[in-house]
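Here are the chains, one letter per residue:
Number of protein chains: 2
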Amino acid sequence: MTKSIYPAYPPDLSDEQAQFLLTNLKDWSIAHGLAVRPAPSFVSQSQDPTGVLATSAPVTLFPSPFPRHCYEEGLAIQKAYNELYSAIARDEEWLKTVVEELAGVDDFVAKLWQIHLEVKREGYVQDLTLGLFRSDYMVHVDPKEADAKPEIKQVEFNTIASSFGGLSSKVSEMHKYLLSIDAYPPQATPIIKQDSLPQSKSVPSLAAGLAASHRAYGSSRSSHPLCVLFVVQGPERNVFDQRHLEYSLLAENGVRSFRVPFHKILSDTKLDSERNLIYSPPHAVGQSYEVTTIYYRAGYTPDDYAGEEEWTARLHLERSRAIKCPSILTHLAGCKKVQQVLATPHSPHLARFVPDEATAKRLLKTFAPIYPLDKSEAGLEARRLATDVGSASRYVLKPQREGGGNNIYRASIPPFLEKLAETNWPAYILMEMIEPPALNNVIIRNGEVQKGGVIGELGVYGVCLWRSGGQILENWEAGYLLRTKGDQSEEGGVAAGFGAVDSCCLIDA
Amino acid sequence: MTKSIYPAYPPDLSDEQAQFLLTNLKDWSIAHGLAVRPAPSFVSQSQDPTGVLATSAPVTLFPSPFPRHCYEEGLAIQKAYNELYSAIARDEEWLKTVVEELAGVDDFVAKLWQIHLEVKREGYVQDLTLGLFRSDYMVHVDPKEADAKPEIKQVEFNTIASSFGGLSSKVSEMHKYLLSIDAYPPQATPIIKQDSLPQSKSVPSLAAGLAASHRAYGSSRSSHPLCVLFVVQGPERNVFDQRHLEYSLLAENGVRSFRVPFHKILSDTKLDSERNLIYSPPHAVGQSYEVTTIYYRAGYTPDDYAGEEEWTARLHLERSRAIKCPSILTHLAGCKKVQQVLATPHSPHLARFVPDEATAKRLLKTFAPIYPLDKSEAGLEARRLATDVGSASRYVLKPQREGGGNNIYRASIPPFLEKLAETNWPAYILMEMIEPPALNNVIIRNGEVQKGGVIGELGVYGVCLWRSGGQILENWEAGYLLRTKGDQSEEGGVAAGFGAVDSCCLIDA
Chain A
1 MTKSIYPAYP PDLSDEQAQF LLTNLKDWSI AHGLAVRPAP SFVSQSQDPT GVLATSAPVT
61 LFPSPFPRHC YEEGLAIQKA YNELYSAIAR DEEWLKTVVE ELAGVDDFVA KLWQIHLEVK
121 REGYVQDLTL GLFRSDYMVH VDPKEADAKP EIKQVEFNTI ASSFGGLSSK VSEMHKYLLS
181 IDAYPPQATP IIKQDSLPQS KSVPSLAAGL AASHRAYGSS RSSHPLCVLF VVQGPERNVF
241 DQRHLEYSLL AENGVRSFRV PFHKILSDTK LDSERNLIYS PPHAVGQSYE VTTIYYRAGY
301 TPDDYAGEEE WTARLHLERS RAIKCPSILT HLAGCKKVQQ VLATPHSPHL ARFVPDEATA
361 KRLLKTFAPI YPLDKSEAGL EARRLATDVG SASRYVLKPQ REGGGNNIYR ASIPPFLEKL
421 AETNWPAYIL MEMIEPPALN NVIIRNGEVQ KGGVIGELGV YGVCLWRSGG QILENWEAGY
481 LLRTKGDQSE EGGVAAGFGA VDSCCLIDA
Chain B
1 MTKSIYPAYP PDLSDEQAQF LLTNLKDWSI AHGLAVRPAP SFVSQSQDPT GVLATSAPVT
61 LFPSPFPRHC YEEGLAIQKA YNELYSAIAR DEEWLKTVVE ELAGVDDFVA KLWQIHLEVK
121 REGYVQDLTL GLFRSDYMVH VDPKEADAKP EIKQVEFNTI ASSFGGLSSK VSEMHKYLLS
181 IDAYPPQATP IIKQDSLPQS KSVPSLAAGL AASHRAYGSS RSSHPLCVLF VVQGPERNVF
241 DQRHLEYSLL AENGVRSFRV PFHKILSDTK LDSERNLIYS PPHAVGQSYE VTTIYYRAGY
301 TPDDYAGEEE WTARLHLERS RAIKCPSILT HLAGCKKVQQ VLATPHSPHL ARFVPDEATA
361 KRLLKTFAPI YPLDKSEAGL EARRLATDVG SASRYVLKPQ REGGGNNIYR ASIPPFLEKL
421 AETNWPAYIL MEMIEPPALN NVIIRNGEVQ KGGVIGELGV YGVCLWRSGG QILENWEAGY
481 LLRTKGDQSE EGGVAAGFGA VDSCCLIDA
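Order-wise, the sequence lines are chains A and B. The numbering of the first sequence is our numbering, which starts it at 1 and goes up by one. The numbering of the second sequence is our numbering, which starts it at 1 and goes up by one.
Simulated from the structure, these hints should not be mistaken for laboratory data. From the three backbone atoms N, C-alpha and C, an ideal C-beta is built for every residue, glycine too. Hints may be right or wrong, so weigh each one.
Stated by the list, open to error - In silico lysine-lysine, DSS-like type, Cα no more than 27 Å apart, as pairs:
1. B:Lys120 <-> B:Lys144
2. B:Lys176 <-> A:Lys201
3. A:Lys144 <-> A:Lys361
4. B:Lys149 <-> B:Lys365
5. A:Lys176 <-> B:Lys201
6. A:Lys201 <-> A:Lys365
What the hints assert, rightly or not - In silico negatives: residues of chain B with every beta carbon more than 10 Å from chain A:
7. Leu21
8. Gln47
9. Lys111
10. Glu274
11. Asp388
12. Gly470
13. Leu506
Said to hold, decoys possible - So the derived label-pair ranges between C-beta atoms look like this:
14. B:Arg362 <-> A:Ser46: 51 to 61 Å
15. A:Thr359 <-> B:Gly234: 43 to 53 Å
16. B:Asp487 <-> A:Thr301: 44 to 54 Å
17. B:Ala306 <-> A:Lys264: 51 to 61 Å
18. B:Gln199 <-> A:Pro49: 28 to 38 Å
19. B:Gln187 <-> A:Ser273: 25 to 35 Å
20. B:Asp303 <-> A:Thr50: 30 to 40 Å
21. B:Gly234 <-> A:Pro143: 50 to 60 Å
22. B:Gly234 <-> A:Leu473: 49 to 59 Å
Produce the entire structure from the sequences given, and follow the hints as far as they go.
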């Protein structure tokens, strides 16, 4: 944590000011679906067996200051990132080398690759892929340089189930609303102004991505009506985040969608003789739909695969003619090993996918140095850095797999590695810590107010639709998310229970 | 309850159909603010001390069939009702005779009248009044006539705090949504069609009424910025109903409003030397607003007046230059005695306010016969009808005061009157029971599903802005509400915990 580049923030509130802000926040969020289902620790299943209760989503009371040029760069570079990851997903040869390195230590990656091979053997029947991506950044101020200008450094690139696009639009609306009713005290309003608060367009823009895929699929081959399928986890507390995309997909694009829990895929869908994916909703006997697009909001974590049946379900979906959001190869392109390979100092890989030098240079500037923990030259250097308490303090150790919650930070790295069998070290990558400027905010979770130091993570959504042959049909930046967490937790997932949805208050820093 | 004029309805649902409908209803309602704060019996204050939890508002699963010509007549006649009640509110002499009859038995009415007299002594400084009215009807099929055509009969006319305008727009949106995703089974869709489901415009239309009043007030006389004041009850479970009006008032009309609990009026507002009402929000030290319009969502029931302080607060507000929604006289015009006097068979009163014979005749058709329980000729007739078990079975006994919960029905009337001192009889009116056709629906409350016979009550909103001199500046019909309750309870208030918000499915009956 470096010194703050931000003005004194947020302002202190009198009891009356806090009360007014909180009351308006609580009512606005429920009135506009900025909500989640309560955690079982808050409301037990026996109290609310049918699940009708909801609570305000965890949000920040104030929009967090964010350097304007960093925000603008994040949005501006998204189309290049979309192209980069679609290029990676099309490069099976290259992905194979990455996957093979991981296969020994990451069973999940190995199984995903097996599915790809199995479908490939049979032959893919869909050459379109949809990506609803999210590139996550932190603001970094180089502690080694005096007067260093803040810049964005990528934390990770999500190629599957990028969440919070539904709630992000709402929270930026809410902060704008709170400003418009003068709920922020006068000493804050030189900083919080309407034109400092960019409205995230993530809801309509991600929904438009699904609609573009739906249209690109073409007409029905099975004579059934067409639909989009949201493949979801069973009980989903973050359901409204997904619902807002569904509602926008229907209201603004006229596209029908259904939600199917991952464990119901095999019972509720089948492939016809042409491998069209046919969905038969259990509630509508005799009525079936042909699926144009499978939108995975499940299946991204090993936890979703309890046994062989789930793997069979994934294979079943991948074999189908439906456009996958994302395809298996795109899913694999999002594994941290790929990010690491691209960001390994002096790596030749970025140039392979981004021939334009200026673009490649611009992308490279957003990478924090990442090292493998293998026995390559960079890997050996990383092992030295990670096992020494002094140097380890500038690094974070991350598992290659998706899904937060298991990062090892700074001084904890050497003892962690000491306990870990060395053969498992390559399952992790070592990343230089991004050093965000000191910042404070107030997080509201279930009515509890937590004030203190926070870290914000800017997520920029991207929509990309491409053919395996290389043609890119659609490519756009699709709004943003700011997730903010207490700076003690050093974890980033709001869903995981540590953070809050936020919006950017742009400042010139 | 007469025989049904409706088709077989609602359709039976398979478990899967019910599940699909319920899941979509539960998610849509929270995602769109069709919500209430949970009752203390569902979520205790100790579990959720800051009040962040919300639950879906009680709604019907299906839109209830409603005769199209009845719906159309209710909407068409609203402007005439607005004129009628604004004329009554302007006729102090006439109101005085009504109030004087009640004063002995209804302390609340007497106190309201005292306030009027006190302000009158000093002189009113505002000649504009705003009414946000709601005229409530039931469908009546005369049991004495074969092949009787259904018609609407007025249950009551609300001149203050007409509620559910905020949620009504949402529930008609929701039923349309459920239809659009084919959540209603095929056997229902000959009845439930998009063009059978009129969208209630109550949110934007009522908000536009407040905005019209705000503009008509003119410019600030105190040099403070202008605002609308929602005077509310302390803890308000139905807060989102009110919030949707506030949000529409701001977003669509650019008008600021504040919520002030009734018990905070004296501490947070003052009158300046010209009796401008100045509101100083506790959260904004040094910032004050001049109130253009007082919108009462409290103060309509004796329960809101714990002691003299509340009466002082009401007087304080009435003395101000702010436009009242409604004024004291308009509030008094809504007492049931007025409805009774108008609806007493062969009454001369309607013609006094509605000189146009055709309009008067049309209004009269919506009245159910209502009798006083005094010693007039009609009153003596009523006493005979009410004390005889045979004839009492076609009647309901209602207190003159506002607020549901105390009606006495049919066979219960004679024993009730027997126990009541005869001097208190004039506090009640006797009304011929409206006989609604048999109808079924499913009510969802806190996830509990109650299926069975129901009674629907159509509420038609009206906006009217007038000068005490007689000029009507604005007059429009402002959308509708359908409230549906189990036909056992014979009570109508959703807030009181017995009913649900519904929408009309128009049928030709």
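Here is how each hint holds up against the structure:
no.	hint	result
1	B:Lys120 <-> B:Lys144	violated, 49 Å
2	B:Lys176 <-> A:Lys201	holds, 25 Å
3	A:Lys144 <-> A:Lys361	holds, 22 Å
4	B:Lys149 <-> B:Lys365	holds, 13 Å
5	A:Lys176 <-> B:Lys201	holds, 25 Å
6	A:Lys201 <-> A:Lys365	holds, 26 Å
7	Leu21	violated, 8 Å
8	Gln47	violated, 8 Å
9	Lys111	holds, 31 Å
10	Glu274	holds, 25 Å
11	Asp388	holds, 46 Å
12	Gly470	holds, 37 Å
13	Leu506	holds, 23 Å
14	B:Arg362 <-> A:Ser46: 51 to 61 Å	holds, 55 Å
15	A:Thr359 <-> B:Gly234: 43 to 53 Å	violated, 60 Å
16	B:Asp487 <-> A:Thr301: 44 to 54 Å	holds, 50 Å
17	B:Ala306 <-> A:Lys264: 51 to 61 Å	holds, 55 Å
18	B:Gln199 <-> A:Pro49: 28 to 38 Å	holds, 33 Å
19	B:Gln187 <-> A:Ser273: 25 to 35 Å	holds, 32 Å
20	B:Asp303 <-> A:Thr50: 30 to 40 Å	holds, 32 Å
21	B:Gly234 <-> A:Pro143: 50 to 60 Å	holds, 52 Å
22	B:Gly234 <-> A:Leu473: 49 to 59 Å	holds, 57 Å
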